[in-house]
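> As a plain string of letters, each chain reads:
There are 2 protein chains.
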Amino acid sequence: MSNSSKENYSDDFEVTPWNVEGPVDYARLIKKFGTQEITNEILKKIESFTGELHPLLANKFFFSHRDLDWILNKYESNEKFYLYTGRGPSGMVHLGHLMPWFLTKHLQDKFDSNLLFQITDDEKFLYGNSTMDEIKKNVNENILDIIAIGFKKSRTKIIVNSRHIKHLYSNSLEIAKRITFSTAKSIFGFTNSTNIGMIGFPPLQGVPCFLPSIIEGKPTPVLIPAAIDQDPYWRLTRDIAEKMGFYKPAQIHSKFLPSLQTIGKMSSSKPETALFTTDTPKLIEEKISNAFTGGQPTISLQKKLGANPAICSVFSYLKYLFDTPVESNERELKCRSGNLLCGECKHDLSNHSTTFISMFQERREKAKDLVSDFMYSEDS
Amino acid sequence: MSNSSKENYSDDFEVTPWNVEGPVDYARLIKKFGTQEITNEILKKIESFTGELHPLLANKFFFSHRDLDWILNKYESNEKFYLYTGRGPSGMVHLGHLMPWFLTKHLQDKFDSNLLFQITDDEKFLYGNSTMDEIKKNVNENILDIIAIGFKKSRTKIIVNSRHIKHLYSNSLEIAKRITFSTAKSIFGFTNSTNIGMIGFPPLQGVPCFLPSIIEGKPTPVLIPAAIDQDPYWRLTRDIAEKMGFYKPAQIHSKFLPSLQTIGKMSSSKPETALFTTDTPKLIEEKISNAFTGGQPTISLQKKLGANPAICSVFSYLKYLFDTPVESNERELKCRSGNLLCGECKHDLSNHSTTFISMFQERREKAKDLVSDFMYSEDS
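Top to bottom, those sequences are chains A and L.
Throughout, the working numbering is defined as the position within the first sequence, counted from one, plus 7.
Throughout, the working numbering is defined as the position within the second sequence, counted from one, plus 7.
Chain A with its partners taken away, still in its complex shape (with noise of 0.2 Å):
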């Protein structure tokens, strides 16, 4: 399936809702989807609602979006927005998968939204070779995570499909009989060989950006954030909407953070290139250690040319995750430099790393109480 889509990309990068692969151009990716750069014009609007920026809106790892413009103006004029995200629970969750949900907390702080969080089993299941016994696991342990990142008991409803398919279902029929199979194929390359399951399961994705309407009993603005590779179930949605009384959803992109191995994104299936919330503080400074850097062969080479930051996945850790902007422009310039060896980036991002795994796993800990004031409904 994956290759099918790659005509519609350039030969050195692909990004589809299920693969991501290469060193991804995120410029022209906004040419190919078709999104909108988020403009420093946006962002002010947003500072001007939520008093300071969110670091990752700051630092640009928030950089493309839909609509996101109207959806502040909708704000602005006392229409509240749902927010929406989702985990497919392909195995254990990254520091990767957290980034988006960090933004979806502020927002959610910011402008009281409630959060629709949906935990696509279904689609894993189809996509890939977990038995639904082991994609059950990984969904009951990712779920601790998403409650390990702080949300709003009263504002936040998780739904697993497979659990809450009753409530998903005739949405998903109406949106799915209001899409042919031309359209999904363009969208998301499905070919012969691709199972009758995953050409049937993108109505279900779309469903939550229509359920905010369904319960206020009136069109209600929906915010998605989310990495961007999942824009093409949301585009499917967004040429319905307005048939079906509904608003377009609304989203804001974010780009990927890179393996630690390689160029290209984390990817739980190799656990080597990804830190993951579970894993122990002996494990994460190996795999920090073992990380792939912009460095130079030796020190004395270092010392004299200086490394490339912007292949480093280390630095990319470091800004996107814990360094302030002004602590990672002096690390980039003292980085080209050559006054900064890859080694004290290493014992910086081990550092901050295994702080905060380790206060998250406390958190990830107390979230086990807390799973049943989380989940849409009861009939789990």
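If you are wondering where the hints come from, they were derived from the structure by calculation, not from laboratory data.
Do not take every clue at face value.
Pairs involving identical chains hold if they fit within one copy or between any two copies, as the list cannot separate such chains.
[As the list claims (entries may be wrong)] List of simulated lysine-lysine pairs, PhoX-like, C-alpha gap at most 25 Å:
id : residue 1 : residue 2
1  : K192      : K255
2  : K173      : K143
3  : K225      : K143
4  : K143      : K250
5  : K87       : K160
Here the structure is a predicted model, which is why all the values come from computation and not from measurement.
The hints should help you fit chain L onto chain A, whose structure is shown.
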């Protein structure tokens, strides 16, 4: 969709799960679908269990099968089978719909079988122009017809897809994952303009083939009595059954009760072509009086040349629903020889139909108190 698969059949008739058109050549259909003719040997074997041969078997209204011999052998060696049949709630129920249910009830009585009765409200929404609300009304009406057939309460469970989707969904995913678009396309004739709900739907109609094995905790034979147009759905599950650790579902296929108006099967969407279980006696008489027969333009011509029962809807109704085989043979001879006028046959059919439907309507009324007893589970 219906046109797309036309190339698989001859030019003068078409049989798909959603459309039956033209004069069906059943012998050719057996070859096209790759099913088996029900031989006299099989009929004798059935008779050895049931003591008498059901009229719909004796008169070859049920004419085709898959693995019927196998399931009888299983029964002989003490492996009991489940029955599974269904209803697509596109409208009210007519006599043509009842006929597979009559045989199903007979088999339930004689073989003491459990029965799963699936109502595919989702399919009828995805294919066609009805709203979900209209279809829900049909579902409630159709359930009364099903119960009025007289199935055993303790051995019968009605499944309504949208109500019971949570019980069906995981198994549906297991089926869906094993079927490529290529396979589904070749069986159902899906095209670029097919909506993705229709493409994703077939696994749901497959679930009750395997549900008995899941309920019983061991591979359990299933026999599906149904009109032959539904065969493609189960052909699909037969291909993957053994890989999933189940038996292939066996089937016994009926012909279609013809339209009262022209050649072709009765249709819920053309009320004048069918006798509905909710029709008044007056309406039944009207429809029959306008029915298409094999008669001559004038009485004198008919007395001279005789008529043609082979193309006569009234003759078919009498043969398959009300005449004994002996009566039907006699009627045929008299008709061909000019000793029977169409008015007499219409009179006979009116009498039989109004009597039957009035009795059925009484049972339909009583069924209203039994609905919850027949539902698959309480979460409706």
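> Evaluate each hint against the coordinates.
Hints and how they fare:
no., hint, result
1, K192 with K255, "within (21 Å within a copy, 32 Å between copies)"
2, K173 with K143, "both (18 Å within a copy, 15 Å between copies)"
3, K225 with K143, "between (34 Å within a copy, 23 Å between copies)"
4, K143 with K250, "between (35 Å within a copy, 22 Å between copies)"
5, K87 with K160, "within (18 Å within a copy, 51 Å between copies)"
Hint compliance for this structure: no hint is broken.
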